[in-house]
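K.L.:
This is what each chain is made of:
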Amino acid sequence: MKSIKVFCLALAVSFTLGATLAGCGDKAATAGNTAEKSKTEAAAETKAADTKKEEERKPEKVTFVTQANDQMTETEKQFRAAYDADFDIVALPASELLPKIQLDAMSGTNDYDIYSTGQGAIQFGLSGIADELPKLDDWEDIFPGLRANYQFGDKIYGWPVQADTCLLFYRTDLLEKAGYKEPPKTWDEYREMAIKMTTDVNGKHPGDNGFNANKIEIYGSNYKGGNFDSNTWEFYNYMLANGGKTHDIDFENKTYKITINEKPAVDTLTWVVDNYRKYNIYPKGAINSDWAEFHTMFVEGKVALAVNYAYMFDMAVADNSKVKDKFSVGLLPKGTVKNGAGMGGWVISLAKGSKHKEDALRFMKFVASSKGSTIYSDTQGAMVPRQSDFQKKIDAAEGPMKLKLQQCLANLQNAESIDLTKLGASYDASVKIMNATINTALTGKVSPQEAMDSAKKQLEELLEKDKFLK
Amino acid sequence: MKPKRKLKEKNILSYTCLCIYAAFIILPILWLILTSLKDRTESYTIARPSRISLDNFVSVLWEYDIAKYFYNSGFISVFTTAIILILSVLAAYGFTKFRYGGSEGVLNFCLVLRMIPFVTIIIPLYIMMAKIGLINTRFALIIGNVSFNLPVAIWLLVPFFKDFPNELLEAAFIDGSSKLKTLMNIVIPLSRPAIMVVAIFMFISSWNEFMYALIMTTKQDIQPLTVAISNLTGKYGVRFDLMTAAAVLYVVPVITLTVVFQKQIIGGLTAGAVKG
Amino acid sequence: MKSKSVRNTLSIQKSNSIFGFLTTLPAMLVLITLFIYPLLFSLYVSFTDYNMAAVLGKRAINFVGLQNYKNVLTDSAFWNSMRVTLFITVIAICVEFILALALAVNTSRIKKGRSYFIAIFLITIMMAPIVVALLFRFILNDELGLLNLVLRKVGLISADIGWLSDERLAKLSVIIVDTWQATSSVFLLLYTAIIAIPGDIFESADVDGAGRWRVLINIIIPSIKNVIMYSMVIRFMDLFRIFDSIFLLTNGGPGNATESMALLIFRTGWTQMDMSKASATSYLMMLVMAFGMILINRIGSYEKNSNQSGG
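Chains as they are written, first to last, in this note's numbering: chain R, 1 to 470; chain U, 1001 to 1276; chain C, 2001 to 2311.
FYI, nobody ran anything at the bench for these hints, they're computed from the structure.
A hint or two may mislead.
Unchecked claim - Covered by chain U, according to a simulated footprint, are these stretches of chain R (three or more residues, beta-carbon under 8 Å): (1) 89 to 98; (2) 108 to 122; (3) 292 to 302; (4) 315 to 329.
Keep in mind that this is a model prediction, so the values were computed, not measured.
We put the beta carbon where it would ideally sit given N, CA and C, even for glycine.
Using the sequences and the hints, build the whole thing.
P.N.:
Spelled out as structure tokens, the structure:
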């Protein structure tokens, strides 16, 4: 008993200690800030002096932080061969990339000079850890949707280094068997065809008498419905086609309105949830699936129609794929408004706290140039960001690769920016809110309208806390 | 004859229990090994691999230079374990045999440190380390691992030391042995099983540590194996094929160590019989 | 009791307590230098509106009193995570300790092959939690997973079980994964304690003709009660902070069925960079944990007392 008392006392003491220290914290923080400020000023001065000697000076080593992936070593190797100065590539796991960049900037460590992320550019720009960038010489050549991804108002916060978008994957053999000659043109058709192609062990389809939802052999479609980022990235393809938006920003008056609980968005969520719960065209496991489960199901031949990024094409044409020669790709179907498609891609931004900005900018110019971005996208298995480069690639390609690239181009021309990226400092957190919202709606515990209402509330709280536009 | 047969029956039951549990442990591991032999497209499927290849191991070993990370992990874990053992044995000796006013409270305070969720302290910890300039150093990794695990080490040793017979200590003191000498010559040798267990736990837990190392390092030259494994991802989902290969390589040294030093470890564990 | 007799015989109480202080000092110094700043900082932050946006925007940090605590306590996500965490912790502790005790007793009984079993059991704690979680994510997948395939082949099930897609089963799956990985460490502790029990106690029990259950309940458990208690406290703390496996297994889904408290704190503190709310949640979580430990302590000491009065 005595030990418990002492223990509670220790807790209490630590509480009071903390509370008293709370007062001192402020002063220390401001003192730290001023110290840092003078440090940066001093650094700027020395930098100015340095520029005079620019010609003789060897560029300093810059650090390039990016998401770890299996092809990064190859990218690094080719960059080294093509670039004349030294650099470091630091690779981090996807879930840690954005927080760690913020931590690096916030703590004043400033180890990273260039941030290479999927969609972080505006987030960094608006939260004040990345610099505004000038227009590249051939800026207009880059896909418009991709440019929009990294622009806030008229400010550019990142240079795209690769483009990416979703394709409609469909099984030609299953379509034929179900009596269809062409892939779906609208999302309503898509559902209709998916229902026809969802087949249980007895050959019955959803809605048939005696259809067994627990023993389905072929699923009409699939969805990355887990509580992961892939969920939101897939959902926005459908939502954009229906004209859904997350928000309306009035740049002049610096006001915004969250529109995620309005009809287009709610209808889209209802469509997805019904596909899962009512029509059974998605597997049961869709509620926990991420990229890996999703593409494995398709490559294993268990899914007839799927919406996914172009990377799945390369897996599906591989020798040990069960759907090789049995599938094709096409344009994403049309929603109530248009053939929407979310613009993926990859971007580089310049760290505000970078200790050698000129060298960093020089390296960035190389990476974002036609040559650099071609190396980047080729080694990473994605698509080049410039339209003229893309056309060249199509001309050079043949066979299934040509088909893939042509369909990618068609979708890229429709593709538009996923407007969560415009939420600045709150971007990453807003994606997490959407993941959880869609995932919760899929459980059927809340209606799509309730789910979106709650998402709106959470987004508003988040933006309020992050002082969006203020 | 009768008791012997009874013993045999008992043993059969024991063996059955242990075998069932061992199967529960081994099946997923066999699955892991099988997966490491498949290629990316098939890595998540239940089908048998269409061809068995060591490609994953080759690329993990050569392209990713996994040996470097092995060295880093080993370096960090060995030093962490050694420091923890010294500190925790001393502390547990003091906490159990030479209590002072408030020593119980201090002991419990140790545990409070173990209760903090990692995320809460990592940001101030990072800021602190950055100010002292310890980011990207092995020292920061070791000292961090020591601090995270020290409370557990002390808490594991305390019950064993508490049960250590005081008569033995008294006898030693009467013989004129100093307190520290008694610890070295009597307490430590007789508590070998407990210390062994703590050493194993501490080694494993610093060998498995991930988040802290990830946040405190940016240079690959000092990153441990866990961080390297987590980097084996693709842009669209993890590279399970490579990851399993790395995981197989990751457990191999530890299993080898266990087999080679089986006598010492098991001997250490069974050298008990302290209680008089 | 016994330490008192040491003191009496030596009758140099003061030098003893100084020695005790000095031996514990190095460990405490290491802990305090590393933890005291982060600990006090997060405590301070929990009473302010400190977050990433404020720091990067160079805004003044305001003292908001108990506002963060109030926000957390009125948040349904917090209470949900509390329920999830408590459920997982309680069930997993029970399962792990019963299993570990059974394994430890059985291992201590057998003569041949002991070390092989121990080596096998040790493998699980040596595996990186990331790998274990991913491995099980695919073993437990309803369409592609090994478990459903085996169950189907054996004929135990006809339709696939959604181990991770059903809300109730998802919690169970988290427990299964944790059991797979952590039971071995509990086993190792209990086993070490059991073999330290002097053999003559068992012999006298054999002479008495005590049954296996009576030996377990009357001899083994009381002798290793200290170790059980202490390891239970450690398991309780680790389980209450369960994060790694859930993060990769379900990331809190489906819905929020497996959103543990540590995961919630991770989301608020790391993804949203809202340090003040995350810190407030952590301190509330620590209070709950302290309460849980007092409970475990009390159960332990209650048994101690009843044993003493019985003997």
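K.L.:
If you count the residues of the region 108 to 122 of chain R with a beta-carbon closer than 8 Å to a beta-carbon of chain U, do you get 3 or more?
P.N.:
It holds: at least three residues are needed, and the region 108 to 122 of chain R offers 4 whose Cβ sits within less than 8 Å of chain U.
K.L.:
How does the coverage statement for the region 89 to 98 of chain R fare against chain U, requiring three or more residues with Cβ below 8 Å from a Cβ of that chain?
P.N.:
holds (count 6)
K.L.:
Checking C-beta pairs, does the region 292 to 302 of chain R have three or more residues closer than 8 Å to chain U?
P.N.:
As far as the region 292 to 302 of chain R goes, the hint holds, because 6 residues have Cβ atoms under 8 Å from chain U.
K.L.:
Would you say the region 315 to 329 of chain R counts as covered by chain U, given the rule of at least 3 residues with C-beta under 8 Å?
P.N.:
holds (count 4)
Of the numbered hints given earlier, the model fails none.
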